[in-house]
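**Q** With the hints as constraints, model all of the structure from the sequences given.
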Amino acid sequence: MFIIGCNNLILTLNRQGRKPSMGEVRCVWTPGVVVWMVLLLVCWSSRVEGQCPPGVMPGDCTCTPDQQGKYHLDCSCPTRYQDLVISASAIPTHTYSIKFSKCSGSVEVEEDTFNHLPNLENIAFHSIASLTFHNSSVQPFITILDKTFTLTLEDISALAFEEEAVVFYSDSMDAAMYKISITDSTITEFGKYSIITPLGELLLRNVTFSQTLEEHTVDVGFDGVKVTLDALDATAGLGSEWLVGNVTYLNITRSNLTLLPRAFSAVEMTPPNPTIILVDNQFGSVISGGRDTPSSDRLASLPTQALSVYLHSDSNTHISASGNRLTSCRCEDLKWLLEEDPKNINNNTTRLKQAVQASLQTGCEDRNLNYVLDECQDAPSGAKASYPMHGLAFSYTVLLGCVACFLFAHTHNNA
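Residue numbers (the numbering used here): 1 to 415.
What the hints contain is simulated information worked out from the structure, not anything from laboratory work.
Check the hints yourself; a few may be wrong.
[To be verified] Here are the simulated DSS-like cross-link-like pairs (lysine-lysine), alpha carbons at most 30 Å apart as the crow flies:
1. LYS226 / LYS179
2. LYS226 / LYS147
3. LYS226 / LYS192
4. LYS335 / LYS192
5. LYS99 / LYS192
6. LYS179 / LYS147
7. LYS192 / LYS102
8. LYS192 / LYS179
9. LYS179 / LYS70
10. LYS353 / LYS335
[Stated by the list, open to error] Here are the in silico distance ranges between beta carbons for each label pair:
11. PRO53 / ARG254: 39 to 49 Å
12. ASN316 / LEU338: 24 to 34 Å
13. ARG254 / THR212: 18 to 28 Å
Where is the CB? At the ideal position from N, CA and C, for every residue including glycine.
**A** If you want it as C-alpha cells, here you go:
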C-alpha cells in the first residue's frame with residue numbers, strides 16, 4: 001500500500017510538471033528497494049534450502065547450510081527397499097552433521113567414509129533394516145575443539161560392526177566430548193575391537209546382542225567414561241573382558257545378563273567418586289528345555305569374577321543395588337559372591353558384593369540365600385552341594401540302596 005501511494009505521488013507530480021523533492025524520492029525508492037531485497041532473500045533461501053553441492057550424493061539427500069557455509073545432510077534410500085553404499089566420495093567436505101534414515105534395504109558404510117570431514121560433529125542412523133560398519137568406516141578427522149562429537153544409532157534391525165569399525169581420536173580434543181548412543185537395535189555382529197576410542201559417554205538402551213561378545217569388544221580408553229546399559233538382552237553372553245577401560249559411572253538396569261567369567265574384570269572404576277548402579281537385572285539364563293524341565297541347561301548367574309570391576313581402596317565409591325534376580329541358586333551361580341580376588345581386596349569390593357547380595361530377590365526358591373551361601377562355602381572343593389541338586393542326589397542314593405538290597409536278597413535266595 002505504501003508503494004502504491006508513492007507511485008500515485010509520482011504520477012501527480014508528473015502531471016504538475018515538476019520534479020519530486022528528495023523526501024519524495026525517498027518515499028518512492030526506499031520502500032521499494034527494501035521490499036525487493038526481502039523478496040530476493042526469500043527466493044534465494046528457498047532455492048538454497050534442500051540443494052546439495054555437486055557430487056555423487058548417498059541416496060536421496062537434502063542439504064541445509066548454516067551461516068558459515070557448512071552443511072547438514074539428511075539422507076534416505078533412493079527407494080524404500082533399495083540397498084545403499086556410503087563412501088567418502090559421496091559426502092561434501094564442509095559437512096558438519098549427517099543423518100541417514102528410513103531404509104528397508106541394507107546400508108553399508110565403507111572404509112574411511114568420514115575421515116575427510118574436519119567439521120563433523122554428528123553422525124546419525126535411524127530406522128534402518130540392516131546396517132554394517134566396515135573396518136575403519138567411522139574414523140573422523142576432528143579438528144573442532146569446543147564441539148561434542150556424537151554417533152547415534154537408533155532403531156536398527158540388524159546392526160553389524162567389523163573389527164575396528166569405530167576408531168576416532170584427536171590429541172587436541174578432550175575424550176569427554178565423544179559420545180556413542182545405540183538404542184532400540186539388535187546387534188548381530190559385534191566382534192573383537194569393534195569400538196576403540198576414548199569416550200565421554202556410552203549408552204546402550206533396549207539393545208539385543210544376538211551373539212556372545214568377545215574379549216575387548218569395546219575399549220573406551222583411560223580418561224573415564226559414563227557407561228549406561230539399560231534394558232539389554234545379553235542372554236547370548238557377555239564374554240571375558242568384553243568392556244575395557246576406565247569408567248567413572250557404571251549404570252546397569254533392567255537387563256537380562258548372562259555373565260561369563262571375568263565379564264567386567266577389565267573395567268577400572270576411576271577415582272575419586274565413581275558410581276556403580278545395579279537395579280532390576282536378571283543374572284543367568286536357561287538355554288534349553290525351559291526353566292522347570294529336567295532338560296534345562298542353566299548358565300551360571302554369577303560365575304567367577306563376573307562383576308569384579310577394579311575398585312580403588314581410597315575412592316569414595318557410590319554403590320546402589322536393588323531388585324536383582326538369579327536364574328538359579330547352585331553353588332556355581334554364586335561363585336562371585338563367595339570368592340576373593342587377591343588383587344583387589346578392600347572395603348569397596350566388599351561393599352559391592354554385600355550390596356548385590358542384599359539386592360537378590362529370587363533364584364533360591366524357598367531357601368534363604370545366606371543359608372545356601374554358607375552351605376556352598378562349607379562344601380569340599382569341587383563338590384556339587386548346591387540347591388536344588390540335593391534332592392536329585394538323595395534320589396540317586398535311595399535308588400542305589402534299593403538296587404543293593406534287591407541284589408543281596410536275590411543272591412541269598414539262590415544260595
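**Q** All hints, please: hold or fail.
**A** We went through each hint and held it up to the structure:
| no. | hint | in the structure |
| --- | --- | --- |
| 1 | LYS226 / LYS179 | holds, 9 Å |
| 2 | LYS226 / LYS147 | holds, 18 Å |
| 3 | LYS226 / LYS192 | holds, 21 Å |
| 4 | LYS335 / LYS192 | holds, 27 Å |
| 5 | LYS99 / LYS192 | holds, 27 Å |
| 6 | LYS179 / LYS147 | holds, 11 Å |
| 7 | LYS192 / LYS102 | holds, 29 Å |
| 8 | LYS192 / LYS179 | holds, 20 Å |
| 9 | LYS179 / LYS70 | holds, 22 Å |
| 10 | LYS353 / LYS335 | holds, 11 Å |
| 11 | PRO53 / ARG254: 39 to 49 Å | holds, 45 Å |
| 12 | ASN316 / LEU338: 24 to 34 Å | holds, 27 Å |
| 13 | ARG254 / THR212: 18 to 28 Å | holds, 21 Å |
The structure agrees with every numbered hint stated previously.
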